[in-house]
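Number of protein chains: 2
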Amino acid sequence: MNRPHLLITSAGRRAKLVEYFVQEFQEGTVSVADCNPLAPALYMAPNHHIVPKIDQPGYIDHLLELCQREQVTALLSLIDPELELLATATERFAAIGVTVIVSPPSSCLLCFDKYAMFEHCTLQGIPHAKTYHALTSFREAVALKEVGFPVFVKPRNGSASIAVRRVETLEEVERLFEQSPGLIVQEFLDGPELGVDVYVDLLSHEVTSIFIKEKLTMRAGETDKSRSVLRTDVFELVEHVLAESGLVGPLDFDIFDVGGTLYLSEINPRFGGGYPHAYACGVNFPAQVWRNLCGLVNQPHIGHYQENLYMMKHDTLTLVSAAQFEQTKH
Amino acid sequence: MNRPHLLITSAGRRAKLVEYFVQEFQEGTVSVADCNPLAPALYMAPNHHIVPKIDQPGYIDHLLELCQREQVTALLSLIDPELELLATATERFAAIGVTVIVSPPSSCLLCFDKYAMFEHCTLQGIPHAKTYHALTSFREAVALKEVGFPVFVKPRNGSASIAVRRVETLEEVERLFEQSPGLIVQEFLDGPELGVDVYVDLLSHEVTSIFIKEKLTMRAGETDKSRSVLRTDVFELVEHVLAESGLVGPLDFDIFDVGGTLYLSEINPRFGGGYPHAYACGVNFPAQVWRNLCGLVNQPHIGHYQENLYMMKHDTLTLVSAAQFEQTKH
Chain A
1 MNRPHLLITS AGRRAKLVEY FVQEFQEGTV SVADCNPLAP ALYMAPNHHI VPKIDQPGYI
61 DHLLELCQRE QVTALLSLID PELELLATAT ERFAAIGVTV IVSPPSSCLL CFDKYAMFEH
121 CTLQGIPHAK TYHALTSFRE AVALKEVGFP VFVKPRNGSA SIAVRRVETL EEVERLFEQS
181 PGLIVQEFLD GPELGVDVYV DLLSHEVTSI FIKEKLTMRA GETDKSRSVL RTDVFELVEH
241 VLAESGLVGP LDFDIFDVGG TLYLSEINPR FGGGYPHAYA CGVNFPAQVW RNLCGLVNQP
301 HIGHYQENLY MMKHDTLTLV SAAQFEQTKH
Chain B
1 MNRPHLLITS AGRRAKLVEY FVQEFQEGTV SVADCNPLAP ALYMAPNHHI VPKIDQPGYI
61 DHLLELCQRE QVTALLSLID PELELLATAT ERFAAIGVTV IVSPPSSCLL CFDKYAMFEH
121 CTLQGIPHAK TYHALTSFRE AVALKEVGFP VFVKPRNGSA SIAVRRVETL EEVERLFEQS
181 PGLIVQEFLD GPELGVDVYV DLLSHEVTSI FIKEKLTMRA GETDKSRSVL RTDVFELVEH
241 VLAESGLVGP LDFDIFDVGG TLYLSEINPR FGGGYPHAYA CGVNFPAQVW RNLCGLVNQP
301 HIGHYQENLY MMKHDTLTLV SAAQFEQTKH
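Chains A and B are the protein sequences, given in the same order.
So for the first sequence, the UniProt record's numbering puts the first residue at 1; every next one is plus one.
So for the second sequence, the UniProt record's numbering puts the first residue at 1; every next one is plus one.
There could be a bad hint or two in this list.
[Claimed, not checked] Pairwise CB distance ranges, derived in the manner of DEER restraints:
1) I50/A / E65/B: 53 to 61 Å
2) I126/B / V258/A: 31 to 39 Å
3) V258/A / A323/B: 24 to 32 Å
4) I50/A / G182/B: 55 to 63 Å
5) S137/A / E326/B: 44 to 52 Å
6) E146/B / L135/A: 27 to 35 Å
7) E119/B / R139/A: 37 to 45 Å
8) Q306/B / E91/A: 45 to 53 Å
[Stated by the list, open to error] Over the 10 Å line for every Cβ pair with chain B, so calculated as not near, a few chain A residues:
9) L38
10) A141
11) A220
If you're looking for bench data, these hints aren't it; they were derived computationally from the structure.
Computed from a predicted model, the values in this text were never measured in an experiment.
Glycine included, every Cβ here is placed at the ideal spot set by N, Cα and C.
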């Protein structure tokens with residue numbers, strides 16, 4: 001059995017997650033890449049590499065070359081815009097012996113297209129916030145009182161909470177649609193938001209872990225405080241949504257509980273920003289990644305964690321000298 | 001010599017700073033208070049207390065009672081709105097043997113009133129962003145081309161970056177002034193921003209430490225990445241500004257470098273959110289607080305740190321069980 005060498009790309013500020021991987025890959029190697037030499041996650045692993053921005057032509061060629069030079073055997077990206085890029089290049093990586101930990105391109109696309117996700121959920125009978133991609137259909141729905149205000153106006157293909165607006169009037173929705181193309185309107189779901197971390201085994205394609213947290217406070221678009229919860233209905237919803245979805249690896253679900261009915265809000269087909277809460281509660285995805293990369297199947301352990309553990313994020317810091325910094329850049 | 005017992009109030013998310021105090025008060029005690037049992041800084045010290053919100057009537061009485069019960073000898077708040085409250089109550093605390101680490105009320109007031117600070121700087125010959133508290137004088141200045149766009153519109157008494165708007169036209173400034181009272185207009189300073197951590201000895205009233213960092217990236221209103229710099233002109237400006245200001249203890253300056261001219265932007269008469277960068281570079285305020293509380297004067301050590309050390313913040317987390325949480329609340 002070869003020891004895996006995982007390269008984590010676009011690692012950014014996710015230092016804690018890199019630390020967990022380093023911890024769980026004691027029989028193996030973890031390297032980190034980012035385009036910004038001031039990405040703190042770079043410095044959590046002994047091997048770090050500055051790479052071009054993901055939108056540069058030749059980015060994938062650069063990664064392929066880096067993987068070959070450093071004998072990398074697996075690749076994991078932490079940001080949305082890189083996933084499709086990697087998903088469509090898995091064969092090129094496979095040809096040099098690198099496993100890309102990513103869902104297939106069609107599954108990634110579904111997750112990133114909020115309107116397609118709404119249509120998919122409607123077809124599958126999964127409750128989802130009512131979503132409109134055309135002003136005409138939204139106006140009609142308002143006239144028919146199918147949807148009320150406030151609503152959210154967001155980019156159809158947006159990531160995280162970027163450019164999400166809470167809007168109170170039809171006129172404001174119309175103004176926003178005039179200003180920018182590619183927007184959707186989504187109904188406001190009034191209830192607690194659950195963040196759910198899910199692992200789908202890369203080999204068996206079975207759901208092996210589900211961790212549920214209630215989001216208590218947000219900060220800079222991320223969960224800042226949360227509470228672990230155990231709910232069978234959420235476990236069932238996740239399994240239902242994932243059946244035949246093609247999604248694999250670490251996933252992050254947003255779900256709203258509106259008076260006891262669960263509404264799927266979105267799926268991010270990657271590690272969620274709130275995953276450290278799950279790890280701290282013993283729900284260990286990096287160890288499952290390691291086992292998968294060693295050719296071992298993980299057994300399902302759904303709901304094996306303690307409920308009512310409160311997680312609070314706070315800051316820590318890393319110091320790098322100009323000399324180290326220059327060394328990293330070259 | 002009695003060992004000091006410091007109570008840090010409104011500690012919030014500033015876990016790292018509390019950790020430093022615990023580290024430096026090995027001969028002494030550190031306790032922490034906050035109104036929110038989910039404030040992570042609470043859990044960095046063995047003794048933590050949930051207190052009323054600072055705007056509750058009886059807040060000061062509650063603190064006095066707590067100090068007496070726990071034999072607290074000194075008090076330090078980490079947030080702006082509490083400073084004036086404590087500054088006007090220092091005698092009540094002194095009467096029970098508690099030193100409040102805070103500047104006098106008039107000095108605090110000056111720091112929190114952006115227009116007063118502008119007038120003060122103008123009188124002292126200290127460059128400061130041009131500031132207008134009346135629409136008429138701003139319109140006049142625009143007509144005379146004394147000030148151009150963009151400008152910043154902010155609350156005259158605002159804290160941090162709350163409700164600060166970058167505005168491009170006179171019409172927009174007029175609209176904002178119509179909507180809310182208590183606004184000022186400030187000229188836009190185009191240049192690198194420096195964050196400066198300063199310690200003024202509580203006993204000698206001398207400036208003992210100055211740490212300068214260039215702010216490189218902001219996040220959620222705080223410095224996220226910065227670089228340590230050594231600049232004699234900044235040291236001189238800080239000493240000039242502080243002479244006869246009455247300000248003592250830990251202070252946080254914001255300064256803009258506009259083509260080599262230093263403009264004072266604001267002074268926060270408390271620990272700055274970026275202070276951990278200074279501590280990591282060896283500029284130790286908690287140790288100076290400890291010495292002062294032991295009756296010892298600190299000697300000036302201006303500029304004793306390494307330049308070109310890059311600081312990157314990232315997240316860590318603290319987990320608290322529902323049981324611990326309940327225990328803290330009572």
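Which numbered hints turn out to be false for this structure? Of the numbered hints, 2, 4, 6, 7, 9, 11 do not hold.
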